[in-house]
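Trainee: One letter stands for each residue in the lines below.
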Amino acid sequence: MQEAMIKRAKELLADGSVDRVIGWKRGEFTYDITPAVFTSAEEIDSDFVCDDFTAANVSKYLVKETQKEGKVLAFLKPCDTYSFNQLVKEHRIDREKVYVIGIEGGPKLDIEKIKAKGITGILSVKNEDYTLRIETIYGTQTMPFYEAVLDKCASCKSKKHVVFDELIGEDGDVLDSNRFEMVEKLENMTSQERFDFWRDQLSKCIRCNACRNVCPACTCENCVFDNPKSGIDNKAPADSFEENMFHIIRAFHVAGRCTDCGECSRVCPQHIPLHLLNRKFIKDINELYGEYQAGADTTSRAPLTDYTKDDCEPSVVHERGVE
Amino acid sequence: MQKISKAKLYELFDDIASKQTLYIPTDREAGAAEYRKYESGMKLTKELNTVRSAKDFFFPQTENLAEFKIDGKNIEVRDIREECEDFVIFGVRACDAKSFTILDKVFLCEPVDSFYKNRRDHGTVVTMACKRPAETCFCKTFGIDPTVPGGDVSCFDDGESIFFLANTDKGEKFVESISSFLEDGDTDKLMEVQTRAREIMGRLPLAKLSTENFGGDKLNEYFNSDKWAELSEACLGCGTCTFVCPTCQCYDIKDFNTGHGIKRFRCWDSCMYSDFTKMAHGNPRLTQLERFRQRFMHKLVYFPANNDGEFGCVGCGRCLAKCPISMNIVKVMKALEAK
Amino acid sequence: MNNDTLIPKIGVVTDIRQDTPDVKTFRVIAPEGGKVFEHMPGQCAMLSIPGVGEAMFSITSSPTNKEFMEFSIKKCGCLTEWLHAMEVGQQITIRGPYGNAFPVEGDLKGKDLLFIAGGIGLAPLRSVINYVRDNRANYGDVQVIYGSRSKDDLVDYQEIIDEWMADPNIEVNLTIDNPQEGWDGHVGFVPNYVKELAPSTSKTVLVCGPPIMIKFTLAGLKELGFKETQVYTTMELRMKCGVGKCGRCNIGNKYVCKDGPVFRFDQLGELPDEY
Numbered sequence: 021m022q023e024a025m026i027k028r029a030k031e032l033l034a035d036g037s038v039d040r041v042i043g044w045k046r047g048e049f050t051y052d053i054t055p056a057v058f059t060s061a062e063e064i065d066s067d068f069v070c071d072d073f074t075a076a077n078v079s080k081y082l083v084k085e086t087q088k089e090g091k092v093l094a095f096l097k098p099c100d101t102y103s104f105n106q107l108v109k110e111h112r113i114d115r116e117k118v119y120v121i122g123i124e125g126g127p128k129l130d131i132e133k134i135k136a137k138g139i140t141g142i143l144s145v146k147n148e149d150y151t152l153r154i155e156t157i158y159g160t161q162t163m164p165f166y167e168a169v170l171d172k173c174a175s176c177k178s179k180k181h182v183v184f185d186e187l188i189g190e191d192g193d194v195l196d197s198n199r200f201e202m203v204e205k206l207e208n209m210t211s212q213e214r215f216d217f218w219r220d221q222l223s224k225c226i227r228c229n230a231c232r233n234v235c236p237a238c239t240c241e242n243c244v245f246d247n248p249k250s251g252i253d254n255k256a257p258a259d260s261f262e263e264n265m266f267h268i269i270r271a272f273h274v275a276g277r278c279t280d281c282g283e284c285s286r287v288c289p290q291h292i293p294l295h296l297l298n299r300k301f302i303k304d305i306n307e308l309y310g311e312y313q314a315g316a317d318t319t320s321r322a323p324l325t326d327y328t329k330d331d332c333e334p335s336v337v338h339e340r341g342v343e
Numbered sequence: 056m057q058k059i060s061k062a063k064l065y066e067l068f069d070d071i072a073s074k075q076t077l078y079i080p081t082d083r084e085a086g087a088a089e090y091r092k093y094e095s096g097m098k099l100t101k102e103l104n105t106v107r108s109a110k111d112f113f114f115p116q117t118e119n120l121a122e123f124k125i126d127g128k129n130i131e132v133r134d135i136r137e138e139c140e141d142f143v144i145f146g147v148r149a150c151d152a153k154s155f156t157i158l159d160k161v162f163l164c165e166p167v168d169s170f171y172k173n174r175r176d177h178g179t180v181v182t183m184a185c186k187r188p189a190e191t192c193f194c195k196t197f198g199i200d201p202t203v204p205g206g207d208v209s210c211f212d213d214g215e216s217i218f219f220l221a222n223t224d225k226g227e228k229f230v231e232s233i234s235s236f237l238e239d240g241d242t243d244k245l246m247e248v249q250t251r252a253r254e255i256m257g258r259l260p261l262a263k264l265s266t267e268n269f270g271g272d273k274l275n276e277y278f279n280s281d282k283w284a285e286l287s288e289a290c291l292g293c294g295t296c297t298f299v300c301p302t303c304q305c306y307d308i309k310d311f312n313t314g315h316g317i318k319r320f321r322c323w324d325s326c327m328y329s330d331f332t333k334m335a336h337g338n339p340r341l342t343q344l345e346r347f348r349q350r351f352m353h354k355l356v357y358f359p360a361n362n363d364g365e366f367g368c369v370g371c372g373r374c375l376a377k378c379p380i381s382m383n384i385v386k387v388m389k390a391l392e393a394k
Numbered sequence: 003m004n005n006d007t008l009i010p011k012i013g014v015v016t017d018i019r020q021d022t023p024d025v026k027t028f029r030v031i032a033p034e035g036g037k038v039f040e041h042m043p044g045q046c047a048m049l050s051i052p053g054v055g056e057a058m059f060s061i062t063s064s065p066t067n068k069e070f071m072e073f074s075i076k077k078c079g080c081l082t083e084w085l086h087a088m089e090v091g092q093q094i095t096i097r098g099p100y101g102n103a104f105p106v107e108g109d110l111k112g113k114d115l116l117f118i119a120g121g122i123g124l125a126p127l128r129s130v131i132n133y134v135r136d137n138r139a140n141y142g143d144v145q146v147i148y149g150s151r152s153k154d155d156l157v158d159y160q161e162i163i164d165e166w167m168a169d170p171n172i173e174v175n176l177t178i179d180n181p182q183e184g185w186d187g188h189v190g191f192v193p194n195y196v197k198e199l200a201p202s203t204s205k206t207v208l209v210c211g212p213p214i215m216i217k218f219t220l221a222g223l224k225e226l227g228f229k230e231t232q233v234y235t236t237m238e239l240r241m242k243c244g245v246g247k248c249g250r251c252n253i254g255n256k257y258v259c260k261d262g263p264v265f266r267f268d269q270l271g272e273l274p275d276e277y
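Protein chains in written order, with the numbering used here: chain A, 21 to 343; chain B, 56 to 394; chain C, 3 to 277.
Here chain A stands alone, though its shape is the one from the complex (with noise of 0.2 Å):
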């Protein structure tokens, strides 16, 4: 696939349909790779790199991009364009200055699994008909690709792209996912044990900010936990009620805007599932107000921002609370 996409690439950067192309540029191990923009045939040829690593989300960068002049080519994977679409939908992306290609999607691989199997001096891994062969400074290792593979991917919500200009292979299906079975798990415990469970994860934040600022659903100019005058800006918390609050803070802020792209938890540096948090309400509000997903299109109005008569009283909330 990689071929196909620089080859187009190519071709839309020469012919000038585009004038920039965002994809995923090598680094300097197998698996280190960075998100780009390129805007000469040499550099794709020397950099370009799509494979099991560019498990990136390219889609908040056109924000930035579509407010320069010209056109760019992105490549979108299917989950990519959901995050991209809630983008067009919330005008933060100019679709007019994007040239969107759909591209296969994963799994994609996570090297902190690779590296929690105690596989370390990493130099290259390759998968083999879905056996994971990697060679190292400490001699060659395998593993199943299945247990080195992203927890989003793992849980991958649909196969569809649900824009595109053009694309490179085939178009998948939406998929039945199992990506509530933890969110399930979570509900079933009783709130003691779920409160333990999540002060035992958010204790582990540092604060570093990596899932809001690469989640595509938080594009504020200003953040309000950034706005010395919101009286909530502290980069560090100040007790463990601040540190709880924050996620949870973030979590109400992109419901029924997040289109799970997973990159919250992807990020991570200290492996909290996030991720929960926005899939316990995208549950919520496919119980409560008929099955949504968020970026599926660019024009049917959310469930939390239009009001209709059949809405659910706000006591379910209390409601659903009792134990």
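Keep in mind the hints are simulated off the structure, nothing from the lab. Remember, predicted model here, so these are calculated numbers, not experimental data. Cβ atoms here follow ideal geometry from the backbone N, Cα and C, with glycine treated the same way. Mixed in with the good hints, there may be bad ones.
[What the hints assert, rightly or not] Derived, one-sided and incomplete: chain C residues facing chain B with beta-carbon distance under 10 Å:
1) N5
2) I31
3) V54
4) G55
5) G79
6) T82
7) W84
8) G222
9) E225
10) D268
11) E272
12) L273
[Said to hold, decoys possible] Calculated Cβ distances over 12 Å to all of chain B for the following chain C residues:
13) R29
14) K77
15) D109
We have chain A; now place chains B and C onto it with these hints.
Mentor: Just chains B and C now, with coordinates in the frame of chain A:
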């Protein structure tokens, strides 16, 4: 050299922990180690290093500086500092041990930061030599030999025993305090282990990375480099690199109303954050390019300019492993060097 | 444990003067009387209202004043709004002194001095001017060129009229940006006025004001034949610790709070243009 059989190591830990607080690197979950207060039954991690660096012991993410009681127009300042209790950190890697000497240059120069010094005075750093460096390691670039780590006491693992070597007065005292557990040991096997580790160091992907093109005299050459735009393009402006970095020491000072007074605390800050230099009437670093440049110029140019050529990086590789977009000091160095 | 500079002392506000519509000058003493600490002209202090904020302000009074310190503060943010709302008798916290000073006992000694200030930029220079007036024999000619948007925006106007202009040993030239009823003095921007006055290039210059004024003044001085080594200024960037450790007020490898705030233009020229 004095040694203890690995089979007896946890007995030793129990003994140390009965006298003072002991911290060891242990697994929080598979692949993620952190320093925790030792309790019987806790096991050392097999990971090379912890996710968060060891700087937390001396420069914690948040700490209280003072308290204020306000009564009408009057303010009372309460000095809440207390002498810290003695503690031991076991298993610090050579890179993190070196980071303490870098932090010392900031916090112990005049006027001395008493909060940092208090912890530093009461902490004994017991290091552990590396045997299995990772591909992200490049401490050698900064003149560190991970097979001979610094700290108050250096430990070496030859597979069967742990050897102890005191480097400072504090270290001597510590080794003396555990002498009943130690016996004299033969270091032949240890030398072999060291030789092998050094040989691996030479084969690491970043073994050839050098600082020769960096230093205090490179200010104008690199500050105005046209590479910064491309390097910083994908930067999310998060603080991951800063917060996992053992040498990053920028901080913010904040007040918090507890309901019964005002607590003034300091917390880690990041030059990558948009409000780091923001003033009521402007900001000298308006875009991520300037903020990104600051972090790397500080480590590679400004810090050595002010500290006799010492760089503000120890090559621990945490930012290489943790940056959400995999942009890091190695890529910056290579890009700046490429003419 | 030794004192820590981050733990502040208490200051009592004993006098508040409304200097301009948005500048007030606060007189601060220690609770037991006298100054909280000694300083040299150009140095700064961290003032704070706990729970509101803490910020760096230059000490506008001269060290020769043995009774109190003064701070001229422009209302421009959360903390300064709070300070402006204070009444006499209010306690604040104060720590310092921070930074270097104008070299009044070094390079400036025996020199002819030219002070150029714009708006609130007079605050740090006032400390030096009064220090020089109190040690008049140590310095040559003294000239002050000071301008503001309007007559009402001239900080310390009363002291300028009553003391400086009455002092035969210093020359004072005032200007305002636009004509105004009741003003028969010079009208025009400071950089232009400096060029008109064409002061002798034998003078050592101390300049402080808004960045744009400093920029044009420096260009004008160069046109007149002044060298960068003759011109000093004082910088302001965001600060938190005051002692070069918190890491935010650097220009290149120099920390404004510790290595500055006073810089000579040739020294600034060697630093990156990031201020």
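Trainee: Could you work out which earlier hints the structure fails to respect and list their numbers in ascending sequence?
Mentor: 2, 7, 8, 9, 10 and 14
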